[in-house]
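> Listed below are the residues making up each chain.
There are 2 protein chains.
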Amino acid sequence: MTIEPIAYYRGQISGKFALPRQSSLAPSLKGRIVFEKQYSMPEAFRGLDGFERLWLIWGFSENEGHWSPTVRPPRLGGNERVGLWASRSPFRPNPLGISAVTIEKIGDGVIYVSGADLMDGTPVYDVKPYVAYCDAFPSSRSGFAASAPEPKLRVDFEVSVDDKLRETLSQVLSLDPRPAYHGGSDGRVYGMVFDNLDVRFAVRDDLLTVTELKPRT
Amino acid sequence: MTIEPIAYYRGQISGKFALPRQSSLAPSLKGRIVFEKQYSMPEAFRGLDGFERLWLIWGFSENEGHWSPTVRPPRLGGNERVGLWASRSPFRPNPLGISAVTIEKIGDGVIYVSGADLMDGTPVYDVKPYVAYCDAFPSSRSGFAASAPEPKLRVDFEVSVDDKLRETLSQVLSLDPRPAYHGGSDGRVYGMVFDNLDVRFAVRDDLLTVTELKPRT
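Chains as they are written, first to last, in the working numbering: chain A, 1 to 217; chain B, 218 to 434.
Next comes chain A alone, as it looks inside the complex:
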């Protein structure tokens, strides 16, 4: 079957670095589902305002079907192997992801959402309303992902920052964006792009300090 994007996700994080690994881990992260013109007629969104959440079926656009029968989930420290079918790894024969996001607002051919774990520019193949009676099983036994990962770092700011940005960046950075093999490299300065900002930070022990925030030129 050939599938084509019905929309693209526009968000605050452009690459994999610092991207939350599941939806809802950084609930303040904002984004937009921007529909392709042929799918954006107002009547196609009628009734969606009755729903609080939305499923996105999207493409791991950087992994075109490269896969292996076992994977090493970051959740298990990156060492232990589990089967591909027991994981949400992006490396799958059909590189599709599903994410439940919160609907913030419905605009003209655009759904504003929060809490997504998608990179800016990600192709979206379908959206569906989240229906609690058939989608929500809060006590469902969930193996090695039995609970949400705890924030790993405290986040402090050496620079002035408004409350909203502080909240969102704190959520994102507290998950520890550093590659696992950098765990010991305390003091190194890391950089990332967030929205139109260059962000720099350093980590000492369990404290991450944002040292610079400046508009991209």
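If you are wondering where the hints come from, they were derived from the structure by calculation, not from laboratory data. Mixed in with the good hints there might be a few duds.
Some chain A residues judged to face chain B by a derived CB distance under 10 Å, without partners named [stated by the list, open to error]:
| # | residue |
| --- | --- |
| 1 | Glu-4 |
| 2 | Tyr-8 |
| 3 | Tyr-39 |
| 4 | Pro-42 |
| 5 | Phe-45 |
| 6 | Phe-51 |
| 7 | Pro-74 |
| 8 | Gly-77 |
| 9 | Glu-80 |
| 10 | Arg-88 |
| 11 | Ser-99 |
| 12 | Thr-102 |
| 13 | Lys-105 |
| 14 | Gly-121 |
Think of the CB as a built atom: it goes at the ideal place given N, C-alpha and C, for glycine as much as any other residue.
Keeping the supplied structure of chain A fixed, place chain B upon it in accordance with the hints.
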């Protein structure tokens, strides 16, 4: 993007007639996810036994991308129109469905499940473990599908039937498999195939009576 089935669903209902419209409406319905040979190595399933439920991403194989901006959900009686993006209608630009099913047993290249809303023979494009912390939002406002549909009919059997079959058929038939426009045709005899059985039943008021159950020849 081109996607290929990784597996096929083998279940007890072969067509759309009497098929539950969402997963978990008929929790006793049994089925199997039979993986294609190249995806069925034992190590690919390692760790899946820690999970209670599984997401299936599957194809509405009878609707190849036929869609309309609005649809009439059976849930609203088939008269009221809502937007396609506010519905789980099978008629979508990319005809993909998602269903959370219960894992019963893991076999050799096969996952035994229950509660699925898939037809026998449905192509499955991906499976993922159900992870409660990012998938389960039990109080999420769910518009016109705020609660599971109530069973519409009582189900009685004129013929002998074992307990397990009685339970499963009762769940399926209580949802009222009749097309909406047959609502008034009380007394008419309907037939369906369930597993390897020919099933006949009639409806009077809110009572559905199974009148015949015999092995297919």
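> Taking the closest Cβ pair, is A:Tyr-8 under 10 Å from chain B?
violated, 14 Å
> Checking hints one by one. Is A:Arg-88 an interface residue toward chain B, by the C-beta closer than 10 Å rule?
Because about 5 Å separates A:Arg-88 from the closest Cβ in chain B, which is inside the 10 Å limit, the hint holds.
> For the hint on A:Glu-4, just tell me whether its beta-carbon gets within less than 10 Å of chain B.
OK, holds: A:Glu-4 within 10 Å of chain B, min 7 Å.
> Under 10 Å is the threshold here; is the Cβ of A:Pro-74 close enough to any Cβ of chain B for the hint to stand?
violated, 14 Å
> Under the criterion of a CB-CB separation shorter than 10 Å, is A:Phe-51 in contact with chain B as hinted?
Since the shortest Cβ distance to chain B is 5 Å, the answer is holds.
> Let's test the interface hint: is any C-beta of chain B closer than 10 Å to that of A:Lys-105?
Result: violated, 14 Å to nearest chain B Cβ.
> Please check whether A:Pro-42 passes as an interface residue: C-beta within 10 Å of a C-beta belonging to chain B.
Holds: closest Cβ of chain B sits about 8 Å from A:Pro-42, inside 10 Å.
> Measuring from the C-beta of A:Thr-102 to each C-beta in chain B, is the shortest one below 10 Å?
Where the cut-off is 10 Å and the nearest Cβ of chain B is about 9 Å from A:Thr-102, the hint holds.
> Under 10 Å, Cβ to Cβ, is where A:Glu-80 needs to be relative to chain B, so tell me if that hint holds or is violated.
holds, 9 Å
> Double-check A:Ser-99 for me: the hint is only fine if its C-beta lies closer than 10 Å to a C-beta in chain B.
Nearest chain B Cβ about 8 Å off; hint holds.
> Can you verify the interface hint for A:Gly-121: is its Cβ closer than 10 Å to any Cβ in chain B?
At 15 Å from the nearest chain B Cβ, A:Gly-121 fails the 10 Å test, so the hint is violated.
> For the hint on A:Phe-45, does the least C-beta distance to chain B fall short of 10 Å?
holds, 5 Å
In summary, the numbered hints that this structure violates are 2, 7, 8, 13 and 14.
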